[in-house]
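K.L.:
Now for the letters of each chain:
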Amino acid sequence: MSGVWGLGGGQKGRLEHLRRLVTKLIKTERVEWSWHQLDEARGYAEKLIMMAIRNGDQHKPTMEMADYWLLEKELIHKLFKVLVPRYQNLPVAATNLYRLPDNKERRECMQGVLELKGNPWPPVLPQPRDKRLLLTNILLREACQEYNQNRQRSSSNSQIIQTQETGNPSSTSNSNTMGSSVDPINAELPGEGLQNMNAVSPETKVGS
Amino acid sequence: MRERKITHEHFLRGIDIMASACRPLWLGKNWTFRARQQCRCLCTKRNLTNSDVRQKRSALFEEEKKRQFSLVTRIEKIEVQYKGTPEDTTLVMNKGLSTPFNCAMHIQELLTSRTALALVDGEPWDMHRPLNKSCQLQFLHFQDEDPTIANNAFWRTCSFTLGYVLENAFKDQYYIELCSFPKPNVKSGSFIYDADLKFDNWKPSKTELNCLSRIGAKLYHSDLQFERLDIDASLAAKIFEDNRFKSAQIPAIAAKSESGSKVTVYRMGDHVDITAGPLISSTSLIGRFTVTAIHDIESPTLGPLKRVQGVALPTQLKMHYWTYDNILVSRGAKLNHAPFPFLSSRESKTKQKVRQRGKERIPHMKADPRESAAPTQSLRDPPGVRLGHAGVFNASGNAHCASAHAFAFRSAMKEF
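Residue numbers (my numbering), protein chains in the order written: chain W, 1 to 208; chain R, 209 to 624.
Pulled out of the complex, with its shape left as it was, chain W reads as follows (with noise of 0.2 Å):
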């Protein structure tokens, strides 16, 4: 055994700080460390958790795998009484890892937050507020709502009169100028409809 034990010693005091992070996350359910080796010690949790539920306790390799990376082996109870029932239909990872705030006064590097799912600590994420009932957003909704309403309107409008205006329907200049009445660039322009007459006028001429 080496002299330091965990962070500085070496490979193996790296592997040894790893297992103390994935008992402690088994164990208290969220730990908050550097982003970067939370990042690594989530793969073996993620791992050690999947490998329970596929394989379950009888399984010889599995116990060996539990029995390294739970330093505190009551653990080892929890992992397949509790958390594989927990996260057996999850179709998706069973932690969730998150970045803090920079802190720069108090450590230089990035720090993180690695969680199991289903914790019973309160959520890292704020909920977001409904903020549909205020006043500001009432009225904005309600006219974003008649700005709809009108432009349907006044595109359902132009498309009648062009089609009173070229005469027509049964004409191939006409199916284009159907085609240029649903276009929304069209009907937002005030006074759409003469200028759509414009713009057509020539092509009936050619077609006549």
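Since the hints were made in silico from the structure, they are not lab data. Where hints are given, some of them may not hold.
Said to hold, decoys possible - 20 Å max Cα-Cα, derived EDC-like pairs, lysine to aspartate or glutamate: (1) R:K395 - W:E146; (2) R:K395 - R:D354; (3) W:K131 - R:D438; (4) W:K27 - W:D102; (5) R:K542 - W:E146; (6) R:K341 - R:D438; (7) R:K395 - W:E142; (8) R:K542 - R:E506; (9) R:K391 - W:E142.
To be verified - Anything over 12 Å on all C-beta distances counts as not near chain R; from chain W, calculated: (10) L15; (11) M51; (12) L71; (13) L75; (14) A94; (15) L100; (16) T136.
In this text, a Cβ means the ideal position worked out from N, Cα and C, and glycines have one as well.
Given chain W, work out where chain R should sit, using these hints.
P.N.:
Relative to chain W, chain R alone:
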């Protein structure tokens, strides 16, 4: 053409505007009195002015408030359980004297400045209305989880304020009679006050609307409280005897109340009006205030009226000026199809309901007021009702001029 020729007429008009505009700011009562006397000499026909009526109403309100206050002879204590930020507390307050505002003063300053309404035992309660029993108290503001109650109170308050603007904007020679405003509907995009402005063919320009808006917007700085009073119908009739619409509405309003003879009246500054409430705490909560349009409408029983519309936002809610001016104000200028004012005292209730339903939406009435202007004129009341109306038109030559000069804006004065 920026050059202005200053004539004798301009000078006279300037003085006249000064007389009514600067009065509350720095000139004493004597000046007011002299100015009013001068007006009376110039126009002998007129006998009612808005400023006189305002003072009378305010004095009666004050008298009644003192009387009701004097009824509380012995101070009793009540327990008020407050629920909310910063912490739940129990306060011991005075029965019939302490208001939710006083409770907020004991808890936190923020609560006094931002709260629009109180919830007393789950019911909306004005901030300046005394508490009558031990109760549970909560405070509402415009950024709550569900601010619907505060929003409606705000919209109602803005209608109330619009009445204040109309009564204060015009010179004394035009006697404005306010009629009523419908229930608050934020989704319609504008709040309303229906009134008889005594101008037939007045199409207000952008500048004129802007000047009207400024009177309302300035209230933010004056921080006037909304005081509530439940008064007897006979006193209400006395307060509003100079307004033909209000005095006709009072019996019906009193009959609807719980005791059968009470009318709820609010006062802001010296402006008194009837509304069931509740209203917000003070005018400092009105952050933006714009009068967007004035439309001609035809009430089934009350004849032709003007529908004045506006848009406002609370101080707490911020919005970019582009969005406000281009989207909200332009939408608020379209005619609001809320039910028109309707007088029901002579008819049975069933008949009135039927007629009201029929008149609720008028699809043929377009947003352009010019279309309805022609029938409006022919159906006007006999000229005796509107005093000083003909005199204005004769003196100034044409109607447009008369209306343009009619304003005596307090806020616009700075630009002159």
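K.L.:
Each of the hints needs a verdict: does it hold here or not?
P.N.:
Now for the hints, and whether the structure bears them out:
At roughly 11 Å between alpha-carbon atoms, K395 (chain R) and E146 (chain W) fall within 20 Å of each other, so this suggested pair holds. Straight-line distance between C-alpha atoms of K395 (chain R) and D354 (chain R) comes to about 16 Å, which keeps the hinted pair within the 20 Å bound. Taking the CA atoms of K131 (chain W) and D438 (chain R), the gap is about 36 Å. The hint is violated against a cut of 20 Å. At roughly 26 Å between alpha-carbon atoms, K27 (chain W) and D102 (chain W) are farther apart than 20 Å, so this suggested pair is violated.
Proposed proximity of K542 (chain R) and E146 (chain W) is supported: the alpha carbons are some 12 Å apart, at most 20 Å. This hinted pair checks out: K341 (chain R) and D438 (chain R) have alpha carbons roughly 17 Å apart, not beyond 20 Å. A hinted pair counts as satisfied when its Cα atoms are at most 20 Å apart, and K395 (chain R) with E142 (chain W) qualifies at roughly 6 Å. Between the alpha carbons of K542 (chain R) and E506 (chain R) the distance comes to roughly 16 Å, so the proposed pair stays at or under 20 Å and holds.
Between the alpha carbons of K391 (chain R) and E142 (chain W) the distance comes to roughly 18 Å, so the proposed pair stays at or under 20 Å and holds. Every beta carbon of chain R lies more than 12 Å from that of L15 (chain W), the smallest distance being close to 49 Å; the non-interface claim holds. Listed as outside the interface, M51 (chain W) is consistent with that label: its C-beta sits roughly 45 Å from the nearest C-beta of chain R, beyond the 12 Å cut-off. Annotated as non-interface, L71 (chain W) keeps its C-beta farther than 12 Å from every C-beta of chain R; the closest such distance is 43 Å.
No Cβ of chain R comes within 12 Å of the Cβ of L75 (chain W); the nearest lies about 40 Å off, and the non-interface call holds. The beta carbon of A94 (chain W) sits about 33 Å from the closest Cβ of chain R, which is more than 12 Å, so the claim that it is off the interface holds. No Cβ of chain R approaches the Cβ of L100 (chain W) within 12 Å, the least distance being about 27 Å, so the stated non-interface status holds. With a least beta-carbon separation of about 5 Å from chain R, T136 (chain W) fails to lie farther than 12 Å from that chain, contradicting its non-interface assignment.
Violation of the numbered hints given earlier is confined to hints 3, 4, 16; the remaining hints are satisfied by the structure.
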